[in-house]
Amino acid sequence: MNVAVVRFPGSNCDLDVVAALQATEGIKPKLVWHEKSNLRGFDALVLPGGFSFGDYLRAGAIAARSPSIAEIKRLAEEGVPVLGICNGFQILVEAGLLPGSLLRNSGLRFVCKWVTLRVENNTTPFTHRSERGELLRIPIAHNEGRIFLPEDDLKALKKAGRIVFRYTDEMGEVSASGNPNGSQESIAGICNEDRNVLGMMPHPERAVNPVLNSEGRSDGMAIFSSLAGLTRRGN
Amino acid sequence: MAEIEQTILGLTPEEIKYARRFLGREPNEVEWAIIAAEWSEHCSYKSSKKLLKTLPTTGKNVLVGPGYDAGVLDVGGGYVVSMHIESHNHPSAVDPYGGAATGIGGVLRDILSIGTRPIALVDVLRFGNIDEDAHSQWLFRNVIRGIADYGNCVGVPTVAGEVEFDGSFKRNCLVDVACIGVGRREDLVLAEAEDPGDIVVIAGGSTGRDGIRGAAFASKNLAKNAESERSSVQVPDPFMKKLLLDSIIEALETGEIKGMKDLGGGGLSSALSEIASKGGTGIEIELKRLNLREPDLTPTEAMISESQERMVLVLEEENSNKTLEILRKYDVPFGIVGKVTADGLITVKNGGTVVASLPARFLADPPLITRHEDNLLPRRTTHVEPRAPSDLSRVLLDLLSSPNIASRRWIYEQYDHEVGVRTVLKPGQADSSVLKLPNGKFLAVKADGNSKITSLDPYSGAAGCAAEACRNVVAVGAEPMALVDHLQFGDPGDPEVYRSFSQAVKGIGDYCRGINIPIVGGKVSFYNQDEEAQKPIKPSPVALVTGLIQDQKHITSPALKNEGDELFVLGRTRLELGGSEYHYRILGRSDGNAPRVNPESDRRINSLVLRLIRAGLATSVHDCSKGGIGLAIAEMCILGRVGAIADLKDAPRDVMSPAGLLFSETHGRFVVSVRPGHAIAVERILTEAEVPFARVGTSGGRVLAISSGRKSIVNLSVSEMARAWESSIPRALGERV
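Which chain is which? The protein sequence lines are A and B, in order.
Just so you know, the first sequence maps onto residues 0 to 234 in numbering that gives the first Met the number 0.
Just so you know, the second sequence maps onto residues 0 to 736 in numbering that gives the first Met the number 0.
It is possible that part of the hints are untrue.
What the hints assert, rightly or not - Straight-line C-alpha distance at most 25 Å; calculated DSS-like pairs for lysine-lysine:
no., chain 1, residue 1, chain 2, residue 2
1, B, K328, B, K277
2, B, K505, B, K552
3, B, K338, B, K440
4, B, K505, B, K49
5, B, K435, A, K27
6, B, K338, B, K52
7, B, K505, B, K59
8, B, K328, A, K29
9, B, K321, A, K35
10, A, K112, B, K277
11, A, K29, B, K321
12, B, K59, B, K277
13, B, K277, B, K435
14, A, K29, A, K72
15, A, K112, A, K72
16, B, K52, A, K29
17, A, K35, B, K328
18, A, K72, A, K157
19, B, K560, A, K112
20, B, K48, B, K277
Just so you know, these hints were derived from the structure itself, not from any lab.
No experiment lies behind these values; they were computed from the predicted model shown.
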């Protein structure tokens with residue numbers, strides 16, 4: 000499977016994502032510059048984290064106007080899996096591929112820590128290898144990750160099963176102490192209607208090499224190996 | 000008029016005389032400005048150079064030592080590690096957010112300019128007491144936020160650090176940032192312009208009016224009305240830095256870059272004269288080709304502006320296309336501003352007219368200043384230790400919640416310490432942070448300083464920073480490899496200050512020679528003074544040490560891992576409570592005997608600890624420093640969420656009270672835990688090595704109970720210790736915990 004990692008000026012997790020994809024059996028990653036407007040031939044796309052265009056104006060706002068975005072939208076409509084991580088998620092929201100907004104963390108500070116995620120929907124191209132309710136240990140690192148949606152939109156999102164990950168405490172319970180940024184209903188990741196576009200604030204690429212986890216876990220691999228295990232486009 | 004100007008520029012009458020005599024003429028206004036920038040203390044080390052030359056700087060792994068932008072070590076497999084430390088003290092005292100941010104920018108460029116990729120930042124900070132005054136809180140919050148916003152944006156993880164609180168830093172906080180880089184040996188680039196005819200390119204941010212005379216600003220005491228110096232602080236642009244970083248790293252692969260240097264203190268004046276003088280050449284530039292932010296910038300301003308995010312590159316004209324193409328791809332502005340010449344002169348033209356022409360060597364090699372030191376010896380009096388409070392459990396709890404000891408989570412959670420997927424031991428987990436290297440080895444990094452001890456005894460205090468940093472690196476399983484230091488003092492014209500500086504240099508030099516660690520770089524920052532109190536800061540040398548771990552299995556942390564492990568104390572405790580946290584926080588004293596160092600015995604004990612780790616005998620290791628053995632054992636319990644029972648009756652020591660035994664900060668000591676089945680083997684090894692040690696207890700339960708013989712001295716639950724340790728800094732900042 001050929002996966003494009005779209006690099007914007009200011010992306011800083013691009014090489015980390017490439018390394019994680021390289022470690023995933025069956026995936027061949029390629030770094031592409033954001034000005035590339037033809038991404039045909041790629042079976043999936045990843046928008047990595049970082050501070051695209053310095054997050055000037057608003058996180059992800061300028062990158063969402065970049066030449067590759069129209070192409071990403073077109074491929075997404077065709078059902079090509081698209082994963083936005085952290086700043087990549089912010090870009091997908093700014094580009095209108097995912098609903099809602101990502102507001103400043105409730106603590107008003109950047110937060111970098113390992114959190115527990117619960118898989119709420121395992122029917123996406125990125126989670127089909129996980130069980131529903133499975134707990135993943137993955138780090139976050141962001142300043143603007145508090146998901147907010149108007150009430151009706153949130154209801155619709157929940158009804159359609161488009162909440163893919165929630166933050167929980169270590170026991171797997173949704174709780175204030177397990178919610179690192181004040182996100183609505185502890186939401187950590189959501190998908191589009193067709194479920195082929197996923198945005199998540201946590202960084203699965205940082206949880207692939209077990210040497211980087213104090214318990215020797217590599218839970219981020221669940222997401223990349225799901226992608227690699229797709230039999231056909233869009234699952 | 001001229002006389003007044005020159006006084007403002009900070010040159011001494013002798014320097015002015017020397018410049019006139021050397022040149023045989025009166026320099027013009029632009030030339031005086033260039034001379035003053037390059038001869039500032041900040042750029043020239045004119046007060047410190049003589050002493051710094053005494054430091055040990057060579058070793059079998061050292062590829063590049065002091066005098067360049069960063070020290071470089073060979074770590075095997077074709078890879079190198081670079082390291083450097085910088086401070087931004089004065090800017091941070093005026094504008095903590097911008098000052099701290101641009102401090103990072105500077106040290107990142109140093110690592111980059113030697114041809115290596117920055118992979119980790121380490122911040123070493125000193126503030127007033129945040130639990131007492133609002134100004135210190137304001138500085139603290141904004142310095143941390145400045146480091147976070149800049150470091151996070153450029154994608155270099157902040158993996159380690161050290162922070163000390165002391166009243167002497169209330170108005171002059173110290174903000175040091177160190178950076179570690181990794182690269183291929185064949186990609187190293189030196190800051191030299193060797194070949195006449197090569198082109199000189201300035202790439203990155205535009206040149207503007209910010210940071211004008213920043214080096215001069217750093218080379219005098221902060222004015223009482225320091226607010227008026229705000230224009231001396233540079234403006235940070237981390238996004239431009241990120242583009243510059245990515246483009247230069249990509250350009251390094253072309254092999255086209257022949258020489259490179261960052262534009263830091265002293266701006267163009269300093270960068271050009273240094274690369275020309277190192278290469279034995281000259282450089283001619285045309286200011287009209289510079290990318291200016293303000294079109295009406297005068298030649299003087301352009302030459303001394305310290306606008307951020309700029310690099311100077313030296314390229315062969317015929318072999319420069321790939322590099323320039325990469326700069327264009329990243330939208331990094333650049334200008335081909337001039338060329339390398341054979342005449343040895345820095346020639347500055349403005350629209351074709353020569354506005355300055357000075358020999359590069361003359362600029363780079365100013366007359367040194369002979370400073371005077373008083374001959375007072377450190378006060379080592381017959382100190383009588385006052386009675387300790389009767390409740391030592393309470394004392395231990397108070398020490399755990401002292402901002403100098405408490406958990407740094409509030410700080411490091413604001414830093415992206417994971418980006419780059421290299422951080423194996425993360426901030427808060429161990430005595431040093433550990434990074435994965437591309438050659439399969441691991442790098443331990445730690446910085447330490449202790450102004451309270453150094454103010455009592457500058458020699459032992461400075462040596463002690465090195466000793467502690469080495470121990471911290473050893474505790475995670477690494478062999479210490481190299482050190483960079485940062486020496487921060489008051490006004491060098493004050494004989495007492497200069498004596499403490501000279502003692503500190505001697506102390507750190509003697510120690511590093513004694514344990515055979517090269518000092519591969521460093522920085523000196525003078526004129527750190529509280530102008531309102533009319534007092535210099537406590538002398539603050541800091542040392543950053545890197546060490547290598549060959550095998551992942553050897554990476555060790557201080558958290559107790561199991562119930563029933565045997566606890567060993569290694570090293571002899573002496574009554575050295577001077578400068579200790581116990582004295583500062585509990586007794587409010589600033590006298591007593593400062594801990595002395597012994598490189599010989601440290602070397603033995605360090606290698607013994609490494610031997611235990613490599614043999615797989617140590618389940619956890621923690622060094623004893625701030626707070627002594629008492630704090631060391633408490634922290635091992637908190638991190639492992641398990642209790643311990645210890646009897647210190649037999650711990651090797653001089654005669655002293657239980658408080659002395661618990662809280663003395665004697666160097667050269669570790670606490671090590673081992674599986675019960677290994678205890679006999681460990682005892683044998685320690686006995687054979689003739690290292691003082693004692694088996695003091697076992698891990699287990701939910702309580703830490705320390706006794707001395709039959710007398711119980713501490714009894715605390717792990718959860719109440721953890722609460723005190725974890726909530727202290729948020730509480731000091733008035734946050735709900």
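Looking back at the hints listed earlier, which ones does the structure fail to meet?
Hint check: 1, 2, 3, 6, 10, 13, 15, 16 fail, others pass.
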